[in-house]
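Protein chains in written order, with numbering that gives the first Met the number 0: chain A, 0 to 252; chain B, 0 to 252.
Bear in mind the hints are in silico, worked out from the structure with no lab data behind them. Yeah, the Cβ is synthetic: ideal placement off N, Cα and C, and Gly gets one too. You may find that some hints are simply not true.
Partial selection, computed: residues in chain A whose CB lies under 10 angstroms from chain B [claimed, not checked]: (1) Gly145; (2) His148; (3) Arg183; (4) Thr219; (5) Lys220; (6) Ala222; (7) Leu228; (8) Ala229.
Below are the DSS-like pairs computed for lysine-lysine, each with C-alpha atoms no more than 25 angstroms apart in a straight line [unchecked claim]: (9) B:Lys139 / B:Lys175; (10) A:Lys175 / A:Lys4; (11) B:Lys58 / B:Lys3; (12) B:Lys200 / A:Lys200; (13) A:Lys200 / B:Lys220; (14) B:Lys214 / A:Lys55; (15) B:Lys139 / A:Lys214; (16) B:Lys139 / B:Lys172.
Number of protein chains: 2
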Amino acid sequence: MTQKKVSIIGSGSWGSALASVLSYNGYRVAIWSRNRQVIDDINFNNKNSKYLPNIKLGKNVYALSDLSEVLANSSLVLIVVPSHVMREIAKEVANYIPENTLLVHATKGFEVTEKNDGNTNVLRMSEVIEQELPSTFKSKVTVLSGPSHAEEVALRLPTTIVLASSSNEIAAKIQKFFSNDYFRVYTNEDVIGVELGGSLKNIIALAAGISDGLKFGDNTKAALVTRGLAEITRMGLKILRTSRCRGLVCYLF
Amino acid sequence: MTQKKVSIIGSGSWGSALASVLSYNGYRVAIWSRNRQVIDDINFNNKNSKYLPNIKLGKNVYALSDLSEVLANSSLVLIVVPSHVMREIAKEVANYIPENTLLVHATKGFEVTEKNDGNTNVLRMSEVIEQELPSTFKSKVTVLSGPSHAEEVALRLPTTIVLASSSNEIAAKIQKFFSNDYFRVYTNEDVIGVELGGSLKNIIALAAGISDGLKFGDNTKAALVTRGLAEITRMGLKILRTSRCRGLVCYLF
Numbered sequence: 000m001t002q003k004k005v006s007i008i009g010s011g012s013w014g015s016a017l018a019s020v021l022s023y024n025g026y027r028v029a030i031w032s033r034n035r036q037v038i039d040d041i042n043f044n045n046k047n048s049k050y051l052p053n054i055k056l057g058k059n060v061y062a063l064s065d066l067s068e069v070l071a072n073s074s075l076v077l078i079v080v081p082s083h084v085m086r087e088i089a090k091e092v093a094n095y096i097p098e099n100t101l102l103v104h105a106t107k108g109f110e111v112t113e114k115n116d117g118n119t120n121v122l123r124m125s126e127v128i129e130q131e132l133p134s135t136f137k138s139k140v141t142v143l144s145g146p147s148h149a150e151e152v153a154l155r156l157p158t159t160i161v162l163a164s165s166s167n168e169i170a171a172k173i174q175k176f177f178s179n180d181y182f183r184v185y186t187n188e189d190v191i192g193v194e195l196g197g198s199l200k201n202i203i204a205l206a207a208g209i210s211d212g213l214k215f216g217d218n219t220k221a222a223l224v225t226r227g228l229a230e231i232t233r234m235g236l237k238i239l240r241t242s243r244c245r246g247l248v249c250y251l252f
Numbered sequence: 000m001t002q003k004k005v006s007i008i009g010s011g012s013w014g015s016a017l018a019s020v021l022s023y024n025g026y027r028v029a030i031w032s033r034n035r036q037v038i039d040d041i042n043f044n045n046k047n048s049k050y051l052p053n054i055k056l057g058k059n060v061y062a063l064s065d066l067s068e069v070l071a072n073s074s075l076v077l078i079v080v081p082s083h084v085m086r087e088i089a090k091e092v093a094n095y096i097p098e099n100t101l102l103v104h105a106t107k108g109f110e111v112t113e114k115n116d117g118n119t120n121v122l123r124m125s126e127v128i129e130q131e132l133p134s135t136f137k138s139k140v141t142v143l144s145g146p147s148h149a150e151e152v153a154l155r156l157p158t159t160i161v162l163a164s165s166s167n168e169i170a171a172k173i174q175k176f177f178s179n180d181y182f183r184v185y186t187n188e189d190v191i192g193v194e195l196g197g198s199l200k201n202i203i204a205l206a207a208g209i210s211d212g213l214k215f216g217d218n219t220k221a222a223l224v225t226r227g228l229a230e231i232t233r234m235g236l237k238i239l240r241t242s243r244c245r246g247l248v249c250y251l252f
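For reference, chain A alone in the conformation it holds in the complex (with noise of 0.2 angstroms):
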């Protein structure tokens, strides 16, 4: 039986971490780049040396700078690229993609444009997608993301991760690609929380290594990771109530 094909956009750290799970489950894998060394550092040592040194990516992972044959036959799309260059490379990615395929995000951030009374406007990566996929993928984006350094999921570290989709049975083929004895992926319909969770928090990291600095000790982090999370509750919550207001929630908070 041919191995099912998975389609990785984008070669950083954190796409060829992706790519060696996906190896080590016995996916072929094919990953989007468009550095040709990156491309032929894949192809001729397995390695991705630039963002993942001294790591083997495993059997069958392979790079092309060719997005039609990368998505071609894809059984699983996996975009993975910085939140800047999302909606450019979503639109190509439209071009190519198989209309029954599954897909999912890796990337954390948000697109941030001016409109034109001057106010900013925010996007979740998920809405940036949707907005430049076929209307079919309307509510079928998934997004990836989860306590984890790409390294060391490369080292097969035991991890932990999560996978939001606002389809459990969407969720759950999405999980049996990723999971594996060390690489253990929880679903849930929470799309909203884990795309502002995994962007905020990384504000709060900021904060603490600047606590680092300072000298100062586990205390002080622990209260900007505690009060951390509370704000970041807060956020998620009160734009959970803007957007999408769904059940008792909404009057609860």
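With chain A held as given, fit chain B onto it using these hints.
This is chain B only, laid out in the frame that chain A set:
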């Protein structure tokens, strides 16, 4: 004007660190201890070398073995003794505690006893205290907890902490005793949540230590913390539902 007096029942590292905070804030602090060596060290050297080495406790901190003297004319009583002696000591405190004083505890853990039918009975520390103290203290026992090491508090590194009381008014009064420029006290009404969280997170901390011992990385520790938080939340909601279900929250979870 005479400074207000605070009584600290217990002379371990956390009690001593909190004594240093209260001294810094201008209170007279009477520490109760059964350990003659600790009492002498506090009174003659202004230190508790056994539990908090190399730290001066500050002005107006003294220690006594006579509980009635420690508690006399106290504006605030802080109990911070090991959980397994809480009931015994609360019984003694009950004999001497001024009727209208404020009462706060900072002890982690539970009282676990076996019932006649062989089942286990588990009580939170504020429940144990309320059972032993005069009925005027019913629902007035406040808990102080939070992410902090005693040594860092004594070194005046920035620290946040939480004070939980079913009465906002009582919480606000106690908050004033402890707050200063390096020690920030948040208040909330969730006594059960704070008592459970402060104890249960130590189970996760043990697992995190084991993970380090096994040479796992940040991902594994982050997995423990993330899933630990989910489990602790679930347990808290379960206990809330079964013990004192109030309002809408009971129907939601």
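A quick look at each hint next to the structure:
1. Given hint, A:Gly145 at the interface with chain B, holds; its Cβ is 8 angstroms from that chain's nearest Cβ, closer than 10 angstroms.
2. Because the smallest distance between the Cβ of A:His148 and any Cβ of chain B comes to about 6 angstroms, under 10 angstroms, the interface hint for this residue holds.
3. Annotation: A:Arg183 was flagged as interfacial toward chain B, and the flag holds, the nearest CB pair being 7 angstroms apart, inside 10 angstroms.
4. A distance limit of 10 angstroms between C-beta atoms decides the matter here; for A:Thr219 the minimum to chain B is near 4 angstroms, and the interface restraint holds.
5. Of the supplied interface hints, the one on A:Lys220 holds, with its beta-carbon coming within about 9 angstroms of a beta-carbon of chain B, less than 10 angstroms.
6. With its C-beta approaching chain B no nearer than about 4 angstroms, A:Ala222 sits inside the 10 angstroms limit, and its interface hint holds.
7. Look at A:Leu228: its Cβ gets to within about 8 angstroms of chain B, closer than 10 angstroms, so that hint holds up.
8. About 9 angstroms separates the beta-carbon of A:Ala229 from the nearest beta-carbon of chain B, less than 10 angstroms, and the hint is met.
9. A C-alpha spacing of about 17 angstroms is found between B:Lys139 and B:Lys175, which places the hinted pair at or below 25 angstroms, so the restraint holds.
10. This hinted pair checks out: A:Lys175 and A:Lys4 have alpha carbons roughly 14 angstroms apart, not beyond 25 angstroms.
11. Proximity of B:Lys58 to B:Lys3 is assessed by CA-CA distance (about 13 angstroms); at most 25 angstroms being required, the pair is judged to hold.
12. For the given pair, B:Lys200 sits about 20 angstroms from A:Lys200 by alpha-carbon distance, which is consistent with the 25 angstroms threshold.
13. Annotation: proposed proximity of A:Lys200 to B:Lys220 holds, straight-line Cα distance about 16 angstroms (limit 25 angstroms).
14. At most 25 angstroms may separate the alpha-carbon atoms for a hinted pair to count; B:Lys214 and A:Lys55 meet this at roughly 21 angstroms.
15. Only pairs whose Cα atoms come within 25 angstroms are accepted, and B:Lys139 paired with A:Lys214 is rejected, the gap being roughly 38 angstroms.
16. Among the hinted pairs, B:Lys139 with B:Lys172 is consistent with the structure: their alpha-carbon atoms are about 12 angstroms apart, no more than 25 angstroms.
The structure fails to meet hint 15 from the earlier list, while all remaining hints are met.
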